[in-house]
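Chemist: Protein chains in written order, with the numbering used here: chain A, 1 to 170; chain B, 1 to 170; chain C, 1 to 170.
Among the hints, erroneous ones may be present.
Any copy will do: because identical chains look the same in the list, a pair fits if it lies in one copy or spans two.
Computed cross-link-like contacts, DSSO-like style, restricted to lysine-lysine with a CA-CA straight-line distance of at most 30 Å [what the hints assert, rightly or not]: (1) Lys149 x Lys102; (2) Lys69 x Lys104; (3) Lys69 x Lys149; (4) Lys149 x Lys67; (5) Lys149 x Lys104; (6) Lys102 x Lys67; (7) Lys102 x Lys69; (8) Lys104 x Lys67; (9) Lys149 x Lys20.
Source of the hints: derived by calculation from the structure; they are not laboratory data.
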Amino acid sequence: MAEIEELEQRIEKLEEDEEKSMSIIVTKGDMDEAYPALILGSTAASFGWDVNVFFTFYGLDIVHEEKHKSLKMSPLGNPSLGIPNILGIIPGMERFTTWFMKRKMDNHGVASVEELMELSIESGVNMQACQMTMDLFGYSEDELVDGVKSGVGAATALNQMSETDMQLLI
Amino acid sequence: MAEIEELEQRIEKLEEDEEKSMSIIVTKGDMDEAYPALILGSTAASFGWDVNVFFTFYGLDIVHEEKHKSLKMSPLGNPSLGIPNILGIIPGMERFTTWFMKRKMDNHGVASVEELMELSIESGVNMQACQMTMDLFGYSEDELVDGVKSGVGAATALNQMSETDMQLLI
Amino acid sequence: MAEIEELEQRIEKLEEDEEKSMSIIVTKGDMDEAYPALILGSTAASFGWDVNVFFTFYGLDIVHEEKHKSLKMSPLGNPSLGIPNILGIIPGMERFTTWFMKRKMDNHGVASVEELMELSIESGVNMQACQMTMDLFGYSEDELVDGVKSGVGAATALNQMSETDMQLLI
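Start from the sequences and build out the full structure, keeping to the hints where you can.
Modeler: Written out as structure tokens, the structure is:
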């Protein structure tokens, strides 16, 4: 029956949308924000999901070839760290806090930002750098980590996002 | 056949849910957070999507008639800026950093927060201010940017959110 | 007709996915971030939605038995507060700002973090602590608020997330 066949096709189209995919928009570039972005992205990709990560504003630091190797975390503005602000402002404290956390992570076998970035790209995460903010901060395409796409705008990112079934903003 | 007709109606209902719509919850009120909120909201609305943006806690600043004209960005707690904390605490540095970024954006043709707010409202973004936090911070309805709805609670916002297919929190 | 019955079953499966459910990933542990996490979680659960909240990195503080009773907000890095940074670094200012906001909230009948945590667990929110970051920060299972599950990894959290129709990251 032609009618039933047509209904079946429409059901199939709806079912297809159930395949898993995720988009992450990353607007921050400190080490604390790079971790959730890269861990969620690479883990999702390892499941075979389609994953887009769109880096914009300060998030560009995470896909910047030089900067992503030395992302820092701030000793200020984060009461969870328990560092008094009067100490947090001392020159060198940002570097010390970052070093301390990196060592702690390393001791616990947590991968570095560089390793997670490599893993993400190898796992097929679609890494994209926002063109508008690249222009704003004066970053050129060849300053990006290999495998990261430039030339992507907010409109394209939003459209891709709407084709995935999970969306997160960091 | 009545049976097939009924199935068809149910498929139609499922297909309708595929029309694009987005909800954004905005809990922060600095210039750095206003940009993603307003750029994503207005771009999505320009595609013809249904967009709700719910401003709560510090996010209320972005829809406050006076405050949204002079949102600031912090020179502290953001290592991506590369400003040493010992300089960031100097009186006037917050104003200077904000001025510097605004000028940079202006030079690159990036719209201001005020312009993006106007554009968002003109494009039909459904802008809502959280009533509970308006009460908490003592904001009255007539202090809001024209076109922003007050009297909305978390329950209403969550329900609206559940009717859209993309959800972001800033 | 067997064909129609089969189609009906497939439609039913698609319709089921329309039942409401939400996942929240919480990566921050200051009072400012605990509020949206717990208000959204407990309100959604009160509607009868399935809610998972996954606490990771600093977010663990919110489910730590001792720490969740005294979460703090930072006077720095948040221009919306209007506190000059040169004052924000003074010892005791973080405690004062937190005390001031707590009193304000209390005066307006806003529940405390402790009350919202209890409410969330009573309402059936599925509260989970990230095992990797528990190991990293040296938290043991019995330090968690009663009712919070430990032993959950990013992979499990992502899979659960993909079964819900709304996802937020705080």
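Chemist: As a check of your reading, is Lys149 near Lys67 (CA-CA no more than 30 Å) within one copy, between copies, both or neither?
Modeler: within (17 Å within a copy, 37 Å between copies)
Chemist: From the Cα coordinates, with 30 Å as the cut-off, is the pair Lys69 and Lys104 best called within, between, both, or neither?
Modeler: Cα proximity of Lys69 and Lys104: in one copy and across copies (17 Å, 26 Å).
Chemist: Pop the pair Lys102 and Lys69 into one bin, within, between, both or neither, using alpha-carbon distances up to 30 Å.
Modeler: Cα proximity of Lys102 and Lys69: in one copy and across copies (12 Å, 28 Å).
Chemist: When no copy is named, should Lys149 and Lys102 be tagged within, between, both, or neither for a Cα gap of at most 30 Å?
Modeler: both (28 Å within a copy, 27 Å between copies)
Chemist: Please work out whether the CA atoms of Lys149 and Lys20 approach to 30 Å or closer within one copy, between two copies, in both situations, or in neither?
Modeler: Intra 22 Å, inter 25 Å, cutoff 30 Å: intra and inter.
Chemist: From the Cα coordinates, with 30 Å as the cut-off, is the pair Lys149 and Lys104 best called within, between, both, or neither?
Modeler: between (32 Å within a copy, 24 Å between copies)
Chemist: Quick one: Lys69 to Lys149, C-alpha cut-off 30 Å, is that within a copy, between copies, both, or neither?
Modeler: within (18 Å within a copy, 34 Å between copies)
Chemist: Have a look at Lys102 and Lys67 and pick one of within, between, both or neither, based on CA distance no larger than 30 Å.
Modeler: Classified as both; 16 Å inside a copy, 23 Å across copies.
Chemist: Taking 30 Å as the upper bound on the Cα-Cα distance, should Lys104 and Lys67 be classified as within, between, both, or neither?
Modeler: The answer is both: 21 Å in one copy and 21 Å across copies each meet 30 Å.
Checked against the numbered hints listed earlier, the structure breaks none of them; every hint is satisfied.
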